[in-house]
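Visitor: Take the given structure of chain Y and dock chain R to it, following the hints.
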Amino acid sequence: MPVYVQHYRLWAGRPTPRWLRWTVITRYHIRQLFAGKGRHPLTALLAASGLINVVFLAFIYIWANLDLLLLIGMPKPHLPKINSEFFLYPFIPQGFICGLLTLMVGSGLIADDRRDNAIALYLSKPLTSAEYLLGKLGVLAFFILAVTAVPVNLLFLFEVLMHGGWAFFKAHWWLPLSITAYSLVIAAVCGSVILMASSLVKKGALAGVLVIGFFVGHNILAGILGDIFRSRRMMMLSLQFDLHRLGLWIFGVTANESRTVRHMPFSGPDAAWVVLAVVLVCSAIVWRRIRPVEVVK
Amino acid sequence: MNAPVVLDDVAKWYGEVMGINGISVQLEPGVTGLLGPNGAGKSTLLKVATGLLHPNRGRVAIFGCDPRRDVEVYRRVGFCHDGDGFYDILSGLDFLTYSLRLHGFATSRARQMAREALELAGLTDEARKRIGAYSKGMKQRLKMAHALAHNPDVIFLDEPLGGMDPVGRHRTLELVRQWGDAGRVVVISSHILHEIDALTTNIIMLSHGRLLAEGDIHEVRDLLSEHPHQIYIECPNPRGLSSRLIQMEQVHKIQVERDRPAVLIETFQPDFLYQQLARIVAEEGIEIELMTSPDDNVQAVFDYLTQGRTEETM
Numbered sequence: 001m002p003v004y005v006q007h008y009r010l011w012a013g014r015p016t017p018r019w020l021r022w023t024v025i026t027r028y029h030i031r032q033l034f035a036g037k038g039r040h041p042l043t044a045l046l047a048a049s050g051l052i053n054v055v056f057l058a059f060i061y062i063w064a065n066l067d068l069l070l071l072i073g074m075p076k077p078h079l080p081k082i083n084s085e086f087f088l089y090p091f092i093p094q095g096f097i098c099g100l101l102t103l104m105v106g107s108g109l110i111a112d113d114r115r116d117n118a119i120a121l122y123l124s125k126p127l128t129s130a131e132y133l134l135g136k137l138g139v140l141a142f143f144i145l146a147v148t149a150v151p152v153n154l155l156f157l158f159e160v161l162m163h164g165g166w167a168f169f170k171a172h173w174w175l176p177l178s179i180t181a182y183s184l185v186i187a188a189v190c191g192s193v194i195l196m197a198s199s200l201v202k203k204g205a206l207a208g209v210l211v212i213g214f215f216v217g218h219n220i221l222a223g224i225l226g227d228i229f230r231s232r233r234m235m236m237l238s239l240q241f242d243l244h245r246l247g248l249w250i251f252g253v254t255a256n257e258s259r260t261v262r263h264m265p266f267s268g269p270d271a272a273w274v275v276l277a278v279v280l281v282c283s284a285i286v287w288r289r290i291r292p293v294e295v296v297k
Numbered sequence: 001m002n003a004p005v006v007l008d009d010v011a012k013w014y015g016e017v018m019g020i021n022g023i024s025v026q027l028e029p030g031v032t033g034l035l036g037p038n039g040a041g042k043s044t045l046l047k048v049a050t051g052l053l054h055p056n057r058g059r060v061a062i063f064g065c066d067p068r069r070d071v072e073v074y075r076r077v078g079f080c081h082d083g084d085g086f087y088d089i090l091s092g093l094d095f096l097t098y099s100l101r102l103h104g105f106a107t108s109r110a111r112q113m114a115r116e117a118l119e120l121a122g123l124t125d126e127a128r129k130r131i132g133a134y135s136k137g138m139k140q141r142l143k144m145a146h147a148l149a150h151n152p153d154v155i156f157l158d159e160p161l162g163g164m165d166p167v168g169r170h171r172t173l174e175l176v177r178q179w180g181d182a183g184r185v186v187v188i189s190s191h192i193l194h195e196i197d198a199l200t201t202n203i204i205m206l207s208h209g210r211l212l213a214e215g216d217i218h219e220v221r222d223l224l225s226e227h228p229h230q231i232y233i234e235c236p237n238p239r240g241l242s243s244r245l246i247q248m249e250q251v252h253k254i255q256v257e258r259d260r261p262a263v264l265i266e267t268f269q270p271d272f273l274y275q276q277l278a279r280i281v282a283e284e285g286i287e288i289e290l291m292t293s294p295d296d297n298v299q300a301v302f303d304y305l306t307q308g309r310t311e312e313t314m
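Which chain is which? The protein sequence lines are Y and R, in order.
Note that the first sequence covers residues 1 to 297 in this note's numbering.
Note that the second sequence covers residues 1 to 314 in this note's numbering.
If we strip away everything but chain Y, and leave its shape as in the complex, we get (with noise of 0.2 Å):
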């Protein structure tokens, strides 16, 4: 029986909880962000949200105050009243900011680790693909998240102080849920289109060309194929438009209440399934590609 010098003591301590281990992918890319060359325009993106929150708040205080307003004698603003489909007009500008987050933060996550072969590095760790894909989509998550889901249920908390009483918030409760839920629906749908195009290449800037590519084909394919079949329900085809109609519909908004989802040809459902199948393709597009050695063959 051989004789073996004990000289070192594995760590006694506890490890990070298993389920949580993830997170530090995606606190490790968030600080590397804000260190990098790259913060400013970041920093800048965010102001920009920031900014278009403002014009939000505006109109929500404006609402609140508007008997002030008449009442030293200033026309009647033409403001999008506040219900529940007021809550989904931040949505549409933020889009573009999270498409442009998308492509600032997505593009690299996963080119940058097949260019300098580190996957292998994160999975010969404690760590499942899955994880290592879900600390990765927790990156983009963190900044859609924060110019969607966090400022629109700050100016749903708004209104509801604003409104004086509990009427809005009894009429309304489901809103916060309905906004976080939309915003996940989107920080999904860019996470698996973004890592879709990020697992495909070594380059990061070429992920991004992917990615506008992909958003810029699929909707002029959709307006042919309407032209073709002189089909409205072509439109089906578009991702924006399956989003937008998705987030009508999960923020509650009737026919009745809106002449968008009167003129939309799809119903919400219809619009879910697109989405979904989006994301299914391209998270299944992305779980091939995650392999911890490229086999050249």
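You may find that some hints are simply not true.
[Unchecked claim] DSS-like mimics (lysine-lysine), calculated; alpha carbons at most 25 Å apart, straight line:
{"hint": "1", "chain 1": "Y", "residue 1": "202", "chain 2": "R", "residue 2": "253"}
{"hint": "2", "chain 1": "R", "residue 1": "129", "chain 2": "R", "residue 2": "139"}
{"hint": "3", "chain 1": "R", "residue 1": "253", "chain 2": "Y", "residue 2": "203"}
{"hint": "4", "chain 1": "Y", "residue 1": "37", "chain 2": "R", "residue 2": "129"}
{"hint": "5", "chain 1": "Y", "residue 1": "203", "chain 2": "R", "residue 2": "139"}
{"hint": "6", "chain 1": "R", "residue 1": "139", "chain 2": "Y", "residue 2": "202"}
{"hint": "7", "chain 1": "Y", "residue 1": "37", "chain 2": "Y", "residue 2": "202"}
Treat the hints as calculated values from the structure; they're not laboratory data.
It should be emphasised that the depicted structure is a prediction, and the values quoted were computed from it without experimental measurement.
Guide: Below, chain R alone, put in the same frame as chain Y:
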């Protein structure tokens, strides 16, 4: 009792190209040298053993767990792979801290362990330097630090000495020896055989993806019965010694060296001949300055095993 690392009839193909085939080995505590020429399948074997590559056939178990299914086992495994897998923008210290955080260590503890690993690898002075500015040898040492930072029980090192200067090589081999002495399972692959020779007698030899030999190098040598053992003796009177030895039937061949006072003996019964030599030397007062077995080493065994199998010289 099961060995800490078990590979059972493992095979891996890359399309129609065979990486490894029919490999069954059990890795015990201590240092094991994984040897073979380029393309022999050393890196493939290590990647399969660590679960980074999925074998087409066979079973891999580390402490009884399949590393592809039970990733917690990676807390006990360190791997220094052949390629660079770094984030060049990070410092060595930040890289190792991040890596240890992924292992589940708390930030402060990870920082401390990263410093200790860098010190072991001789990179204390370069700890805060960006990895992008590291030399090839420094990156190799960082890879070693990365493999050992979390105090694993099993360490796989794929060509860890490439690009290192002689001091770095010596330091690394010393580290590897210490890990083996500490009871860890250390597998080190190399095609520089004399370095492995100096490190361990326990070897796995591969050629063209197949297992040539496994076990103690001397036992493997003894099994190569078709090749006579060589004994090299330096003495003031090589001709006298030769004339005495040639009478023994155990001596297969004897050759007096031209350029130095030495004889090279070949025998199929080395143990018996060693006994006889000792007797002759004692009885006849023959002076011997040096006695070695030039073909009882990794290089010779490898050459015997691969004769006619590979054109590539080591």
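Visitor: Would you mind confirming whether the straight-line C-alpha gap from residue 37/Y to residue 202/Y stays at or under 25 Å?
Guide: The hint holds at about 20 Å.
Visitor: Just to be careful, I want the Cα atoms of residue 253/R and residue 203/Y compared with a cutoff of 25 Å; is the pair within it?
Guide: The hint is violated at about 64 Å.
Visitor: Within a Cα-Cα threshold of 25 Å, do residue 203/Y and residue 139/R meet the stated pairing?
Guide: Holds. Residue 203/Y to residue 139/R sits at ~23 Å (cutoff 25 Å).
Visitor: Is the Cα-Cα distance between residue 37/Y and residue 129/R 25 Å or less?
Guide: Given that 25 Å is the threshold and the Cα spacing comes to 18 Å, the pair holds.
Visitor: Given the hint that residue 202/Y pairs with residue 253/R, test it: the Cα-Cα distance must not exceed 25 Å.
Guide: 61 Å, violated
Visitor: Between residue 129/R and residue 139/R, does the CA-CA distance stay at or below 25 Å?
Guide: 12 Å, holds
Visitor: Given the proposed pairing of residue 139/R with residue 202/Y, does the C-alpha separation stay at or below 25 Å?
Guide: 22 Å, holds
The earlier numbered hints that this structure contradicts are 1, 3.
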